[in-house]
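Residue numbers (the numbering used here), protein chains in the order written: chain A, 1 to 240; chain B, 1 to 469.
To be clear, the hints were calculated from the coordinates, so they are not data collected in a lab.
There are no misleading hints in this set.
Using 35 Å as the maximum straight-line C-alpha spacing, the simulated DSBU-like pairs for lysine-lysine come out as follows:
| no. | chain 1 | residue 1 | chain 2 | residue 2 |
| --- | --- | --- | --- | --- |
| 1 | B | Lys9 | A | Lys147 |
| 2 | A | Lys93 | B | Lys298 |
| 3 | A | Lys61 | A | Lys180 |
| 4 | A | Lys180 | B | Lys29 |
| 5 | A | Lys228 | A | Lys202 |
| 6 | B | Lys173 | B | Lys160 |
| 7 | A | Lys180 | B | Lys446 |
| 8 | A | Lys147 | B | Lys29 |
| 9 | B | Lys55 | A | Lys147 |
| 10 | A | Lys103 | B | Lys382 |
| 11 | B | Lys38 | A | Lys202 |
| 12 | B | Lys27 | A | Lys147 |
| 13 | B | Lys382 | B | Lys27 |
| 14 | B | Lys373 | A | Lys61 |
| 15 | B | Lys27 | A | Lys228 |
| 16 | A | Lys103 | B | Lys373 |
| 17 | B | Lys446 | A | Lys147 |
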Amino acid sequence: MKVGLFVTCLVDVARPGIGFAALKLLESAGCEVVVPATQTCCGQPGYNSGAREISRTLARKVLAEFKDCDYVVAPSGSCSGQVKASYAQDLFKDDPDRAEFEKLAAKWYELSDFLVNVLQVQSVPGRFEGTVTYHDSCSGLRELGVKMQPRFLLSMAGASVAEMAEAEKCCGFGGTFSIKLGEISTRMCENKCASARATGAKAIVGGDLGCLLNIEGRLRREGDHETKVLHFAQVIAGDG
Amino acid sequence: MQVQSMFFKRRASEKLADGLLQANMRKAKGKFVDARAKAVLEFGNWEPLRDYAAKLRDAALADLDAYLVEFERNATRRGSVVHWAETAEEACAIIVKIAQDNGVRKVTKSKSMVSEEVNLNERLEAAGVQVVETDLGEYILQLAHEPPSHIVAPAIHKSKEQVADLFTEAHGKPRITQIDALTREAREQLREHFLSADMGISGSNFLVAETGTTLTVTNEGNADLVTTIPRIHCVIAGIEKVIPTLEDFACLVRLLPRSAIGQSITNYLTLTTGVKGPGDADGPEQMHIVLVDAGRTKFVGTDLQEMLRCIRCGACMNHCPVYQNIGGHAYGWVYPGPMGSVLTPVYVGIENAGDLPNAATFCGECAVACPVKIPLPDLMRKLRERQFDGHLRPWSERVGLHAWGWLAMRPGLYAFATGWAARIGSWLGGRDGLIHSLPGLDGWTKGRDMPAPSGRTFRDLYRERQGKR
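Go ahead and model the full structure; you've got the sequences and the hints to work with.
Here you go:
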């Protein structure tokens, strides 16, 4: 089974460790993983900023890069949502290549969804002692139905998950929203941090680096240098 | 209502700093969301109903012109006079003329958002007509000289203490703060107005084409008194409100109160069809129906048409994390929250409301909550596309997007640039790995640190690893 890893632009630049954790998880489950060297971005920043043509061009690039893979996996619900819910359904709705993008969407998975529902892993390499709380990122949750998968994997690693109030509420990241409307974004994140902290968990875990950088940035600004902010891949791969 | 949407950022900032408003918003938030969730759960078969309702609304909108003409024919047959207003100005002129022609001195009103759109109260008052809002929330705001901040619960931003202060000053009675006592006091004040008004003005939730009926849903029963007691009844409604049959309403009325406030059934349902007949005990001698466009046809036949499905329940704003934090007034016009972020730019011009389509993280909660399945984030994105294509966003944003798109299509250069970005970012992060401020990113760094990149890109590290293998 040839699995393409879509690293995501944020992971590539800011937290390569998440990419290696994903790689480790897929390889230890027996996948042959390829990482196309030319990959850059799924195009979502342009798409959500109204730059439709730029995002269409990038979508074609992604399609070409992963053409030969049986599956494509990304450690992000946001990028996966873009590929699965926007390429064929919107950007290439009336395009002769629509069917190609539908095929790409069908073989594309968010990492936790792939591990649980396709590979059906029964164990994970990592161990985590203690309590974590899980932040559901919006695209993964509402576009892809990622909810129990990461929690299931975390419990496999031995972590106990304490649910925060409003776990499904947006953290305020929203890509460029976090800069364009920074004050509102900050308040949303403040609320998220308060809910998370109220659980007493020693780590806030999520599946999208954008949310995680936002949450970590706010926690540190509030003077909290204790609570860890981790991608679930790091926790279950044992790289946390 | 005066458009203030161009000041969205500044107003949002003020609202975030307003402690009292924040406390009031927090108190209100859970109520709507939790009550709706419970009502939806109890109903059981919610999703098929939403699908059906979306289809109903689309079918009505597909033949909007024909249904409007059918509505006019049937309403006229029942003795109503139908007026067509293309603009806000025309709508006001028509109603002011009806008032003047009939020597109207006092008007009672039940809630109407379209009347807020067209500034009707102001225009009537300028013509010497006293206007009394009879919806409790609207009554409170009339005393406070404020516009509504929510389409269903207009005074949601006020606490009962603030209401008590307003009542004490307006009614000259001892200050009380119990909600039921405040309501009783307002009822006593309003009763007199209900009985002495010359004309009643109501909005309408739906216009039924097959019967020429206007339908109004309220919880306070004030629409009954507004529509039946005065000798003249005037309805003001947007043209998109027309539905083909009463049967269609049976579906929509299941969705509306549940989505709005988690109520399985509305307290009052007011159906008005024509004037007082020969054997009728009550009813108006004249009934006027003013059908208002005021921007609605700008949606028809465009990629934004789905917005006209809206049945004005307010679920989108109740669930919106942006609205929950800043309240309705920040949006600067009649319709707040996600629905307003689509309606306002089209009604008042995108150049006057440029921030609104951008005031969303696209978290998707509004689309999930919408009873008629309006894809609100998609519609906001389409407005962003109009802004981008029409050069209506700051040049820096435009240049940035083009540069990013250009770079992302050139993997070699991209790898080089991101390699340096990772190194420089890591260096800026210093020992604690946090960037505390960064020019150009102050929107982020004002309230948050930026966790610094770890130093090398995945791409570089992976290539090294593959080389060693």
